[in-house]
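Asker: Read off the chains here:
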Amino acid sequence: MSRYHAQWRRSALLATGLGGAALLLGSAHAQSPTDEPTVEQGPEPTVSADPGPMQRATASSEQIGAGTLMNPSISVILDGVYGNEFSGHVDDPGGFGMGHSHGHGHDHAHGIEDGFQLRETEIAFEASVDPYFDAFAMLVIEGTDHIDLEEAYFTTRSLPWGLQVKAGRFLSDTGYINSQHPHEWDFVDRPLVSEHLFGDHGIQETGVQLNWLAPTRTYLKFGVETLQGESSGIAPYEGHDHGFDDVSGPRLGTAFAKWGPNLGYNHNAQFGASAGYARAFQKGDIDDEEDAWDGDSWFAGLDAIYRYDAGGYKGQGDWTVQGEYFYRNIEADFYDDGDFEYAGTSKQDGLYLQAVYGIAPRWRTGLRAEALGITNDAFGHDEIEALDTSYRYAANVTFYPSHFSYIRAQVNYSDFAGGAGHGHGHGHDHGEDAWQAMLQYNLSLGAHGAHPF
Amino acid sequence: MFKRILATAVLATALAAGPAAAERLQVAATTTNMAMITQQVGGDHVEVTNMAPPDRDAHYLEARPSMMAALRGADLVVSVGAELEEGWLPAAIRGANNPDVQIGQDGYFEAAAQVELIGQTGHADRARGDVHPAGNPHVYLDPVRMAEVGQALASRLGDLAPEHAEHFYSNADDFQAAVEERLPGWEERVADAPGVLVFHADIDYLVHRLDVPLHGYLEPLPGVPPTARHLRRLVNELADERGVTLFADFQPADGARFIERELGWSYYSLPTQVPVDGDADDYFAVIDELVEAIASPAS
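Chains as they are written, first to last, in the working numbering: chain A, 1 to 453; chain B, 454 to 752.
No lab work stands behind these hints, which were simulated from the structure alone. Here the structure is a predicted model, which is why all the values come from computation and not from measurement. Take the hints with a grain of salt, since some may be wrong.
[Said to hold, decoys possible] These stretches of chain B come out as covered by chain A in the derived footprint (C-beta under 8 Å, 3 or more residues):
#1 522 to 529
#2 534 to 541
#3 602 to 616
#4 670 to 682
[Unchecked claim] FRET-style restraints, in silico, Cβ to Cβ:
#5 A:L353 with B:R695: 52 to 60 Å
#6 A:L353 with B:D693: 56 to 64 Å
#7 A:Q228 with B:Y513: 34 to 42 Å
#8 A:S405 with B:L667: 24 to 32 Å
#9 B:V729 with A:L78: 34 to 42 Å
#10 A:V224 with B:L667: 54 to 62 Å
#11 B:P615 with A:A409: 58 to 66 Å
#12 A:S405 with B:A644: 40 to 48 Å
#13 A:W161 with B:A644: 53 to 61 Å
All residues carry an ideal CB built from backbone N, CA and C; glycine is no exception.
Produce the complete structure using the sequences and hints provided.
Answerer: What follows is the structure, encoded as structure tokens:
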């Protein structure tokens with residue numbers, strides 16, 4: 001067997017190192033035109049050995065790439081899911097069903113239903129506007145008929161001192177997963193805490209963000225956002241037409257900090273803290289024979305992610321552990337059929353912890369555990385009710401044929417608390433347990449940009 | 454320039470940093486080879502932070518917070534380019550809030566944009582694999598092109614720090630001279646080489662430069678792992694040839710083992726990047742090793 005590996009590397013390195021050093025020391029003599037060695041031997045054209053000071057080429061600042069030809073670059077992301085509840089039924093977790101059956105506007109369910117569904121078709125446009133702005137827009141077609149403007153914002157590219165402004169409609173940088181699009185998730189579905197404290201799309205708002213990256217050797221970023229306040233879970237707004245007081249926007253403010261210590265090439269971590277306050281929390285319709293809440297709200301939370309890069313081929317051996325905790329406080333007056341019933345404070349929270357491991361090149365498996373309503377003092381029909389905690393567990397396997405496609409199989413086990421809702425206050429019991437299986441495909445067409453950490 | 458000085462002064466004050474640190478150009482390099490050429494040309498006037506480890510495939514990294522921190526304070530980012538770092542560098546630059554290193558600015562430098570590329574197919578069809586339509590980005594494994602990159606880098610560093618321009622050019626000339634000195638030796642060493650089979654179209658820059666027969670790739674398509682069907686086809690096609698199989702240390706050996714079993718070809722798993730903080734000698738050692746492997750007697 002003639003197979004051998006690079007065991008002789010060190011000695012060769014030492015030998016050539018000495019030779020190279022001698023060469024470099026003596027290389028000044030090789031500069032004279034007379035003894036200039038020729039370079040041109042390979043099949044490709046090259047520059048002549050030394051163009052001389054007068055013919056020095058200037059260096060290009062251009063980017064070589066296919067995408068530079070198209071402005072803006074366009075990408076389309078297809079996302080389809082097949083779902084099957086093969087045991088039990090997934091209902092709203094106790095204390096978190098509010099508004100789903102009585103809400104206004106587009107009140108489409110975001111849970112995974114049985115059978116085939118075209119969950120999302122994302123159409124994204126991205127380009128530099130001019131030397132001062134970059135812009136991004138993403139349209140989402142949910143199913144076949146509902147078009148949503150997921151994001152449409154610009155960011156500045158020339159502010160000094162590590163400052164950047166983002167403005168338009170965008171996903172808030174609160175927490176970790178909130179700013180990610182569904183195709184970036186490691187699981188088919190959004191974590192319960194994100195869906196039920198912030199809304200079906202997370203905190204997706206119109207407004208302005210100012211962020212500052214500190215000039216430190218470790219990554220340290222601070223940001224504040226002033227937002228219109230229209231996210232269903234944290235800042236719903238109805239206004240005068242529905243019997244509430246008008247509250248002028250912007251109605252939601254958030255602040256966040258992210259810290260990423262330097263842990264070398266194999267380990268990466270980021271820790272975040274965020275909080276927000278909404279001046280208006282208006283839910284329902286006061287005059288229209290509905291339960292309604294009118295007040296304000298705030299939230300606070302922590303997020304952390306750790307990644308281990310094993311250096312294996314196509315992600316083999318890589319680890320990711322990620323978790324978030326959020327607490328939401330709503331102080332509101334409760335109306336029933338247009339009559340004031342009581343004033344109260346709803347306190348609810350939730351967390352998830354997930355781990356993903358590269359079991360083989362191009363294959364990853366993930367586990368996720370979630371708890372929603374560890375503190376679950378929610379608005380009920382009569383008063384604030386203390387409800388049980390809902391739990392959900394998920395396991396999945398994902399195959400990535402390339403960087404532009406994946407196929408995922410996932411099983412969820414839901415153990416949700418019973419509802420507080422609408423006259424059937426169950427109190428301390430759990431609803432039906434449910435098992436659910438999902439198959440997902442996700443395909444990216446076109447210039448699909450890099451994701452932030 | 455005044456803006457830069459002002460910004461630097463403000464930052465220095467904010468950080469209470471010593472004047473020595475402020476005087477040196479801060480460079481963020483995407484790979485250790487890029488860090489090597491930057492350090493070689495910049496000498497004492499640059500401080501280079503390397504963003505990616507040498508034993509990883511720079512195609513498949515993610516934008517990490519530490520990269521953004523490095524880019525935040527950089528006067529210059531030095532990348533391989535031609536979309537090699539497409540998966541992470543643009544995102545890291547966007548997250549770094551540093552106007553100086555944006556694409557098109559003086560602080561943005563791609564090695565691939567300074568030299569002529571091979572493999573400019575123009576095909577952007579991903580059914581052909583993870584293709585780079587604008588050309589093969591792995592220019593760093595051709596020492597001659599690396600010397601050209603060094604010259605361009607000298608020019609760029611000279612734009613950023615004109616007072617040291619002559620020093621940069623002199624260093625780039627030294628590197629180029631060292632390459633020229635070695636090239637005939639490398640060519641002679643592989644003059645009778647039977648040819649190589651490589652894993653990915655990366656080492657083929659060196660193979661092209663030294664005019665060695667290239668027998669093919671273990672990957673059926675760029676970025677697609679070797680399949681049994683493709684390997685069997687290679688074995689059939691190469692049954693009457695002689696050669697060696699060569700691949701980077703972060704690529705798997707299974708395909709090469711199969712070729713060895715079927716054809717008796719030796720295989721070599723070698724580094725294609727210098728170690729962290731490696732210098733020109735380390736780079737020549739990387740090339741020497743690859744050349745030795747190419748030249749090794751075929752079985």
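Asker: Give a verdict on every hint.
Answerer: Results for each hint:
1. For the segment 522 to 529 of chain B, the stated coverage by chain A is satisfied: 3 residues place a CB nearer than 8 Å to a CB of that chain, which reaches the threshold of 3.
2. Residue count for the segment 534 to 541 of chain B with a Cβ under 8 Å from a Cβ of chain A: 6. That meets the three needed, and the coverage hint holds.
3. Residue count for the segment 602 to 616 of chain B with a Cβ under 8 Å from a Cβ of chain A: 7. That meets the three needed, and the coverage hint holds.
4. For the segment 670 to 682 of chain B, the stated coverage by chain A is satisfied: 3 residues place a CB nearer than 8 Å to a CB of that chain, which reaches the threshold of 3.
5. In this structure the hint that L353 of chain A and R695 of chain B lie 52 to 60 Å apart at CB holds, the actual value being about 55 Å.
6. For the pair L353 of chain A and D693 of chain B, the supplied restraint of 56 to 64 Å holds, since their beta-carbon distance comes to about 58 Å.
7. As the Cβ distance of Q228 of chain A to Y513 of chain B is approximately 39 Å, the hint placing it in 34 to 42 Å holds.
8. Distance hint for S405 of chain A and L667 of chain B: a CB-CB separation of about 30 Å, consistent with the stated range 24 to 32 Å.
9. Separated by about 41 Å at the C-beta atoms, V729 of chain B and L78 of chain A satisfy the suggested range of 34 to 42 Å.
10. Look at V224 of chain A against L667 of chain B: about 56 Å separates their beta carbons, and that is inside 54 to 62 Å.
11. Taking the beta carbon of each, P615 of chain B and A409 of chain A are about 60 Å apart, inside 58 to 66 Å as hinted.
12. For the hinted restraint 40 to 48 Å between S405 of chain A and A644 of chain B, the CB-CB distance of approximately 45 Å keeps it satisfied.
13. Range check, W161 of chain A to A644 of chain B: about 57 Å between beta-carbon atoms, so the 53 to 61 Å window is met.
Violated hints are absent here; each numbered hint is respected by the structure.
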